[in-house]
Amino acid sequence: MSGYLPGTASLVEEIDKKLLVVLRDGRTLIGYLRSIDQFANLVLHRTIERIHVGKKYGDIPRGIFIVRGENVVLLGEVDTENEKNLPLEEVSIDVILDMQREMQIAKEQEEERKRKALQERGMHFTEQPEDFM
Amino acid sequence: MENAIHVMSSSGMPALGLGAGIPGSHDNELIEAPEEEEEFDVLNDETFGNCEGDWDEEEHKRFAELEGESFFDLQPPDHTKDSGYGNAERSYRSQEEFLEQSISRLMEEEEDDKAKFFGKGQPIPFSGRQQQHGQVHLDQLFGPSSPPALLDTEHLDLLQVSPKSRNIWGTPSHDSQFRKPADALRKLFDTAKAGQRGAPSPAPQVYHPPMPTQSPVGLPQAHTLEEIERQMMSRSRTPQVITAEELERQMRGEDSPRGEYSRTPQVVNHHPQIGPPPQLPPGLLPASALTGEMPRSPFPPGMPPMPLPHHMAMHPPMTPPPGKPPTGMSPINQHPMANGRSSPINIKGLPPGQNLSSPMGRSSSTPTPPLVRGMPPHFQSPHPARLVSPYSIGNSPMAVNLASRMMTPPPNMPPHGHIPHGPIPHMPPMPNSPMGTPPHTRIPPPSNMQDMSPHSRSQQQHHHVVDRRQEIYSQHGNGEASDKHRAYRTNYQRPPPWQKNQPQRRQHQHPQQGEEVEDEYAGLMTQREKDWIIKIQLLQLNTDNPYLDDYYYTYYTLRKKQEESGHTDSMARFLIPNFAKIESRAYTPAQFEGSLGRLTTASVHNPRHIIDVSGGSSPSEDSSKKNVSKELRKFRQLLMDIEKGYILLLDVDDIEKKVFAVPEDSRLSLFLERHEKICMLYQYFTSDESIEQYMQILSVRKGRKLLARVLPLFTKNQAHVALCILFHHMQALVRKDAAEGGLVSLTRPVCRAMEGSDLESLVRLVNILEGEKPPQTGSYLQTLLKNQFSAAVLCGLLNQAEQVFKDTSPVDMDNQLQTEWSQFVEEFAEGLEKMALKDLPVATFLLPLTEAHLSRHLNAQLVGKVEEKVHRLTTPLQTTASSNAAS
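If you're matching them up, the sequences are chains A and B in order. Residue numbers for the first sequence follow the working numbering, beginning at 32 and rising by one. Residue numbers for the second sequence follow the working numbering, beginning at 67 and rising by one.
Rather than coming from a laboratory, the hints here were simulated on the basis of the structure. Among these hints, one or two may not hold up.
[Said to hold, decoys possible] Pairs of lysine-lysine residues, derived as DSSO-like cross-links and limited to a Cα-Cα distance of at most 30 angstroms, are as follows:
id	chain 1	residue 1	chain 2	residue 2
1	B	LYS601	A	LYS48
2	B	LYS771	B	LYS935
3	A	LYS49	A	LYS87
4	A	LYS49	B	LYS601
5	B	LYS771	B	LYS743
6	A	LYS87	A	LYS138
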């Protein structure tokens, strides 16, 4: 709990810290929080988008992000000291993007298979994915 | 925008160039133009430009030439066209056109100097956009979408360059015209400074540019480098706070309340010697103004302490630097902080993105080395300036620092000779961009120090820049920080020590540069903005009923307070500050009398009633209800009623808590409210309709619980009535309860409720218990005694009776009542006797007096018989066991 706001939390304390932000569309951003507003819109500086696939990850440098508050799922401070000691393996951007695409394709195929199976059994439904992740 | 510009330039009016498409340029025309299209003659003189003085054909030709050159082939400008400039001014209708022209010239000249300038690191506007430079500028100048900062940056870049070449040939009169934007900048700068210093600058004013106020750019006065430096030096007080609005006003060339600033004559003098003139482009001035007045300067800790050491170091080498007029240096000397800032600005003013000083930009710790790297001071300064001045409300000191910083590098770099002027022009743009441009050289405000990483904080402390920061901090009342900084200021010697210290201070493994860049960006959000956010959040936390809205936190803090204050006092009541406004909660919107219909005044507190969404019953709902089983419906209704009872109970609870938090005078209303609610509850249990439902209510566990909780709230009379009703149903209840035994929850409250009853009430109760019809004496007791609750109730009755007998002398008691009571006691004993011990329920509630009572009324023999049983009934388990063992 902060001194500013007893009993609750505020992003004010996270300013100028390196944060990891997860967005509603599933993206993971890591950047320095420079500014906020009352809607928890964030200004991230030196942001990288980190894509995780399995045990590997890849970073895409993005620069400055302004994130609308409603799209943030969660955020947390990055432990800068242990940042280097991740159990994950970093790969290049191209590699990770390829991996991500493959994973996406596999997922879609699985979904399609399920849908067909259900359809055969008489269940039809359309699902609107909202926030996914 | 650029496309638009292109179109315009090919519109066939090359002379007007970019100004053609700009709204401002047509101002005069529009004012005069007739409204209806048919009314003006498309072929008239005005349209075709035969009017005298509308424009000068010659001039425009020249301009067209220039324009063509500047935009598409960066050839050296034809300076012989200078003479036409004055005329050109006349011919231009607005400041924008003028500016445009000057910008185009600047561009041309800039190309000249390119060779001298550092080729690698150019400010972003320059690099890669040379061809469209002019267009870009114009876009940004005149397009509505251009942020002022960017605009000024462009401006600065151009103007910074141009005066240099301009002044060599130009006379003050010419220059003045050309430098109108610069003048405005200077003027603004002066104004800002004047406000701080409280006295006009000693330097006489060279020119008083009659800055046209039409320009949306608001070109402020430019200032010579030395002038700025001097001003900064002389200023030793804490910078004033300058609000964003003030800055904007200044930008627009209005007179700030701070007074007019004297202009420096050095503008002209120094030009030949110093490279980029101190004339600050429009954008620059606000920055300098900012710097002068910023109480808070979010300079990153990475701000190299260079400024100060530079300053110190520069005193001796004042004269050595070739071509540096002592006067130029004096400002630096005067202003330690400025000095401190200048070199760092130069070095790392550039955003990482800019190639100009990628090494420089990063190494805040090495102001000198980057400079030594041979970055042309000219370019250095612009970039740092642009980058450095972080514009935010509390940024003026920062800007000043930037300016001073920019000035200091020159002394440090004799070889370059014209560094100082570079940075300054670029300063203004920064302030204008509300946090838009990365504040490379921001020093986080003192209050930010708390949230800064330790590493950056330590860096900060070691930086001399803090000198300025100290002022800022002191303004904020952060004495601790300022003390530290003061100490550092004195200790700080030269850049090298600062450089050396830098790595030590780093706690992280980050590369030096990366850290500094990050530190530079730290503090983007000023303390004021943070406070604003916190204020909003606190507002959201306001609540009328913390027990309701934030139950756990409320109790948590209560408990904590209790622990702190000691364990003696009872649960401290939570004092809610906004409870005081408890009375004014009812808000009735303004209503008008005598008006036809109902006038509504919608406001935040009284929004317009658009749609009535209430839980009203719709026809469909009724019909569907009928389908549901009647009993089920009734049962549901019963449950709902019980729930309502609970809500009333909760309200009473809340009121009880509120009572302590509210001042005395408002408590009465609370009490009344509470009483009212209790009465409602009472009604619920005792009204005729409820009596019919009584059994049902009490068959629901929640109903029982409700009754149990409500009984203590009742007044004596109310309680008695409730008990009567309860006893009335006792038999039935007991029968029903045989399996479940849920009535026990009522035991204690009932017994408690009986406390204080007089004999009469007791007798009445007993009579009720016995039933209407002539009782088979004692038989009713059988059932009652079997059930734990009823048995306990009976014993409770006896208990209370004993109490009564003890307290009142026999004289006062009614004889008949006594007789009746004795009769009851005998019946009780006999009934008890008939029952086997093992059938009797075990007591849960201690009724100490029952036994004694029996002794009082009964003969010893009978007492002896039932003693054990009574004991069992009236003494809770643990003692019963012991008694069993004993017997």
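Against the earlier hints, flag every one the structure doesn't satisfy and list their numbers going up.
Failing hints: none at all.
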